[in-house]
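Novice: In the order they appear, the protein sequences are chains A and B.
First residue of the first sequence? That's 1 in the numbering used here, and the numbers climb one at a time after it.
First residue of the second sequence? That's 1 in the numbering used here, and the numbers climb one at a time after it.
Read the hints as simulated data drawn from the structure, not as lab findings.
As the structure is a computational prediction, the values presented were derived from the model and not from experiment.
Careful: at least some of the hints might be erroneous.
Chain B is faced by these chain A residues, among others (derived, beta-carbon under 8 Å) [what the hints assert, rightly or not]:
(1) Ile-146
(2) Phe-154
(3) Met-219
(4) Gln-324
(5) Arg-361
Just so it is clear, CB atoms sit at the ideal spot from N, CA and C, and this is done for glycine as well.
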Amino acid sequence: MTDLPLTGVSIVDFCWIGAGSYTTKMLADMGADVIKVESRRSLDSLRLAAPYKDGIKGVNRSGYFADRNSSKRSITIDLKTPQGLELVHRLVADADVVANNFRPGTMEKLGVGYAALRAINPGLIYAAMSMNGDEGPDRTMLGYGITIAAITSFLGLSGYPDRPPTGTGTNYPDHVPNPCHGAFAIMAALRHKWRTGQGQQIDMAQTEPMLALMPLPVMDYQANGRVAGRQGNRLAGHAPRGVYPTQGNDRWIAISIATDAQWQALAQILDGALLDRPAWRTAPARAADADAIDTQLAALTRAQEGYGLMARLQAAGVPAGVVQNADDLVERDPQLAHRQHWHYLPHAEMGSALYNGPPFRFASGPVGPRFAAPLLGEHTREILAGRLGLADAEIDRLIAAEVLA
Amino acid sequence: MADLQADPRALAGLRVLELSGLSGAYCGRLFAGLGAAVTLVEPPGGSPMRAVAPFAGDAPGPENSLSFAYYAAGKASLVLDLETAPGRAALHRLAGKADLLILADHPQAAAVDGAGLCRDHPRLVALRITPYGSSGPYAGFVGDDLTLMAMGGLLTMAGFPGEPPVVAHGGQGLLAADQFAAVAALAALLRAERTGRGELIDVSIQEAIVMALENAAQTYQLEGRIRQRAGTAARAGTGIYPCRDGEIYLLAGGIGETAMWGHFARWMADEGIAGAERFTAADWDDTTPAACAAFEALFLPYAARHTKAALYARARAWRVPMAPMSTPVDLLENPQLSHRGFFVAPGQGPTAGLRMPGAPYKLSATPWRTGPAPALAPAPVIEELP
């Protein structure tokens with residue numbers, strides 16, 4: 001048994017809702033001890049976001065919260081009490097990292113801004129990830145994944161050209177760009193701290209990782225004067241490329257043709273006579289006639305069972321994939337099952353609850369969710385006793401004084 | 001390990017070999033930006049990324065691809081023919097001096113034995129990025145961004161009900177895998193530097209996309225519902241609305257229990273909009289069709305008088321979640337991004353002066369730096385190994 005990559009790293013986590021909590025979850029799943037600082041008086045609103053176990057609302061029942069907070073411990077402390085603030089300062093004193101995704105100024109008001117915490121712990125890594133970052137005229141704007149998608153143009157550029165934008169149907173920046181960039185930046189700062197003893201401040205504006213993942217519209221505009229628009233499922237150099245109906249209710253298959261050989265294989269598998277017209281044998285001709293090909297293709301795929309068609313196309317080297325939904329992925333996808341993607345972890349209120357594992361496998365051993373998301377305040381006693389050495393009687397007194405609320 | 005005085009950057013001293021195609025390059029870019037020495041190993045004729053449109057001046061050429069100018073920024077280039085024994089031997093020697101090997105859809109990837117390199121170089125962290133992972137029933141499947149977004153479950157949620165789903169802009173599925181790969185690799189490198197033990201990491205692009213499903217898997221498990229495409233939002237005050245010079249996205253109610261709606265109602269009342277008191281009525285329910293119509297009757301005439309920028313400034317003051325639907329032109333002039341110096345122009349030759357995204361985060365002690373993308377050497381170089 002080998003140590004997890006981040007075993008021994010201590011994180012005091014003020015993150016809430018989406019992107020921030022996902023960032024620290026990734027670090028927790030890789031071995032970091034993440035203490036989630038919460039309060040009953042100001043709940044992480046994701047604790048009250050659907051879905052809930054059996055559809056019954058409760059602060060310890062949200063599956064959305066659970067998946068974003070695996071492998072973390074929860075302590076409840078009312079930071080607005082002097083004793084509560086002092087306890088948090090003591091927790092931070094020997095931590096490696098403090099993370100938050102509040103608007104700039106909020107942490108300072110609570111007494112846990114960078115200046116205050118650096119005075120307590122000079123080697124601290126202090127990671128902040130607000131919508132617009134720590135500086136600039138719009139720094140106080142509050143944001144969600146979907147408004148970040150809008151302001152970065154990601155939403156406006158995603159959809160069919162002749163229809164309103166549709167984006168991903170989710171708060172996309174919350175789930176991949178910001179958690180991954182946040183975790184990468186924190187680990188880079190950890191390396192620097194281990195080499196030099198020096199801590200530092202990480203200022204990540206949640207708009208900027210998303211923009212870093214879509215460089216071409218701004219570059220193409222400058223270089224060629226071209227203003228990007230929505231392209232649906234089409235892509236230059238690929239024709240046909242689209243999503244086509246198959247047997248069943250709301251079942252579809254995605255097919256993407258990049259070479260003439262793939263096109264010939266597709267035509268042969270579906271119906272050579274209908275598709276393999278001499279005029280469509282070259283990519284530029286297919287691109288020019290893409291609408292007609294899409295209509296023809298859809299008429300042929302409609303009679304096919306999706307997975308069977310995918311298997312035949314894949315056997316011929318044609319990029320094809322069934323449009324899978326959550327039921328398909330959780331219950332039947334044989335590849336995700338082979339990779340043991342899904343984890344069912346025991347939880348006091350939720351029973352056996354479903355978590356995503358990470359999308360990577362380490363040859364040295366498993367890396368992934370270590371234990372279920374915490375109940376609100378589940379580890380308050382354990383942390384105060386274990387990390388700060390408080391006696392039971394002292395903890396009882398703090399509870400009675402409503403410091404640990 | 002590099003001299004900290006000479007290069008104080010966070011990843012200085014890390015040596016990275018990148019065997020990428022369209023996938024793997026953003027992972028290498030994240031390492032290069034924070035100071036790792038990243039060498040892009042290109043096949044004869046150059047990386048496939050050099051052939052990706054659009055090009056500077058719409059003129060194809062190995063130094064003209066805008067994608068290459070961005071994704072290869074700050075890297076060195078070495079041309080090796082891995083189909084030849086000397087080429088593979090050179091890679092083997094280089095891997096012995098490297099900390100990280102990124103192996104993705106390089107055209108000659110089949111000639112590279114990642115596991116063998118790890119065996120021979122126990123300190124090496126090797127990363128394999130493939131469509132579905134390197135073992136399992138779909139290991140031999142091919143895929144591109146669209147088909148992987150389908151199989152990963154994100155596609156089904158994007159678009160209009162009953163119509164074909166539509167993929168997100170910009171190859172985000174491939175990029176998702178690059179980002180998770182970078183996280184995994186850096187975690188393994190932190191351990192390798194402490195223990196001397198490397199790692200072999202297997203990344204699946206399909207599985208990286210599954211990470212983006214928001215609450216869909218849990219909604220299925222806990223409530224038995226399958227999330228599908230919703231098209232546009234069905235809540236009053238949530239969605240895309242026209243204004244004087246374009247469109248804005250408004251999320252007046254926020255998400256969950258955060259009760260942002262009151263902020264919005266006070267803003268509208270302060271603007272003196274006749275009928276705005278309706279928004280604070282006890283029986284107001286923003287999920288009904290009547291509420292949507294009532295909302296639009298009050299808000300749209302107001303929005304039509306104001307620009308995206310003016311509405312954004314007011315929303316900020318009233319603490320209402322709202323954002324302009326930016327165009328690429330807007331982004332280049334965005335005052336917040338300008339203040340932060342987000343766009344930079346590291347390019348040389350045909351891409352000189354072109355602004356592109358720079359640092360995705362600011363590390364106060366060890367800042368990001370964006371260098372130029374490397375030129376393509378005319379022929380395989382194996383005698384001038386570093």
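Novice: Next, verify each hint and record whether it holds.
Specialist: Hint check:
1. Ile-146: 6 Å, holds
2. Phe-154: 6 Å, holds
3. Met-219: This hint holds: Met-219/A lies near chain B, its Cβ roughly 4 Å from the closest one there, short of 8 Å.
4. Gln-324: 5 Å, holds
5. Arg-361: Holds - the Cβ of Arg-361/A comes within 8 Å of chain B, reaching about 4 Å at its closest.
The structure is consistent with each of the numbered hints, conforming to all of them.
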